[in-house]
Amino acid sequence: MRLGILIYSLNGGGAERVVSYLVSYCIKNNIDVHLILMNTGIKYDIPDNTKIHYIEKSNASESGIIKALKIPFLAYKYAKLVKKLQLSHSLSFLTRPSFINVLSRKFTNYDFKIITNERAFPSLQYSYKGFQSTFNKKMIKTLYKKSDMVISNSYGNAEDLVSNFEVPSKKMHVIHNPINLEKISKIDPIEGFFDTSKFNMVTLGRLDIGKNHIMLIKALHKLQNPQLKLYILGSGDMQQELEDLINKLDVNAQVILLGFDPNPYKYLKSADLFVFGSNHEGFPNVLLEAMACGLPILSTNCQSGPSEIMELKQPRDNDIMLTDYGILTPIKNVDAMAKGMDYFIKHQGFIEKCISNSNKRIKDFEKNSILKEYIDLIS
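Under this note's numbering, the first residue of the sequence shown is numbered 3, with each subsequent residue one higher.
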């Protein structure tokens, strides 16, 4: 097998981290792998001898319309590269690289297998108004079913693709996200950063509308508890909007924007609680990372992923939901998120049980066994 992995970049993100793991695994196991990028950003560790190719070196701030217009041209360039490299399998991560992957077949007679990998819950990911959402939904419905195989990272995500985007169920496969337990175990917690007299909450994710950091900030403000502090790790186009909200609510002393850090584990290992406010996910790596760092979890029960990871038994639409690993809340519900924060502050015994249970659960997602699933399935 000669495998090509196509993704926009290796800048921060869950899919990008999985790609970095997969490339390293292939090289370690003598699998001929080629990493194909569309942007020069590389923030995750990959082996020095990784074969890297670019079909473009674009500016990440390009508009959605420009990115859409370039897809046929990039598909043509990718088709030429696939033939030149004599790839037997082409695996793409995220939507636009997957569009390029599928369309590339129209520009060559060279025979290769096309595998698309969808990481989000498309019906919700692209439920917002605007050109980009409308365009992506249409393209997913048109193109994904033409793949030889479609991989998703959760059963909820897979069901969405089959039911709403016409992906044949026989082409659909689920592989959960991997977690590098060995690497995380070797990372030391950050010392002297958190005020140990406070209850320190950490969240991790791009600063975009889907991650809904706004709800977390509003929930903290609603409790009016000076003991609470929220640290937000991530970068994105909502930076200024979040800064404005923090100023407006006068919670500058309680909410801190830390920016992106490729090593979030040092913060997670020193915090008291991981919080997550996302409106939609595929299978959120950050919940696994929090578990691996010994943190209890307070997350929205968004589609999809959190309920699978936290093994939710009794979903509820209007209140907090206790699990063996933490608490789930309805999406976009400030009151429930605030109630969840307050519950953790007042129930130390519950925190200890969550940590103990998570230490066992996280082993189900150990990196090498998950990565082997990818290679076995593809080949």
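Just so you know, the hints here were simulated from the structure itself, not pulled from any lab data. Model, not experiment: these values are computed from the prediction. Don't take every hint at face value.
[Said to hold, decoys possible] Distance windows between CB atoms, simulated: (1) K82 to D252: 52 to 58 Å; (2) H175 to H55: 33 to 39 Å; (3) Y56 to T198: 22 to 28 Å; (4) P317 to I192: 21 to 27 Å; (5) I192 to G132: 35 to 41 Å; (6) G132 to E313: 32 to 38 Å; (7) D344 to Y130: 54 to 60 Å; (8) T198 to D50: 17 to 23 Å; (9) D344 to G132: 50 to 56 Å; (10) K315 to K131: 34 to 40 Å; (11) Q226 to K45: 23 to 29 Å; (12) G261 to D47: 16 to 22 Å; (13) S65 to T110: 39 to 45 Å; (14) K355 to K86: 54 to 60 Å.
Think of the CB as a built atom: it goes at the ideal place given N, C-alpha and C, for glycine as much as any other residue.
Now for the hints, and whether the structure bears them out:
In this structure the hint that K82 and D252 lie 52 to 58 Å apart at CB holds, the actual value being about 56 Å. Separated by about 26 Å at the C-beta atoms, H175 and H55 break the suggested range of 33 to 39 Å. Range check, Y56 to T198: Cβ separation about 46 Å, and the 22 to 28 Å hint is violated. At roughly 36 Å, the beta-carbon separation of P317 and I192 lies outside the given 21 to 27 Å, and the hint is violated.
About 39 Å separates the C-beta atoms of I192 and G132, a value consistent with the hinted range of 35 to 41 Å. In this structure, G132 and E313 meet the distance hint of 32 to 38 Å, their C-beta atoms being roughly 36 Å apart. Restraint check, D344 to Y130: a C-beta distance of roughly 30 Å breaks the suggested window 54 to 60 Å. As the Cβ distance of T198 to D50 is approximately 40 Å, the hint placing it in 17 to 23 Å is violated.
Checked against the hint of 50 to 56 Å, the C-beta distance between D344 and G132 comes to roughly 36 Å, which is inconsistent with it. The hint said 34 to 40 Å for the Cβ distance between K315 and K131, and at roughly 35 Å that hint holds. A hinted range of 23 to 29 Å is violated for the C-beta pair Q226 and K45, which are about 37 Å apart. The given range of 16 to 22 Å is respected by G261 and D47, whose C-beta atoms sit roughly 19 Å from each other.
The hint said 39 to 45 Å for the Cβ distance between S65 and T110, and at roughly 29 Å that hint is violated. A hinted range of 54 to 60 Å for the beta carbons of K355 and K86 is consistent with their spacing of about 56 Å.
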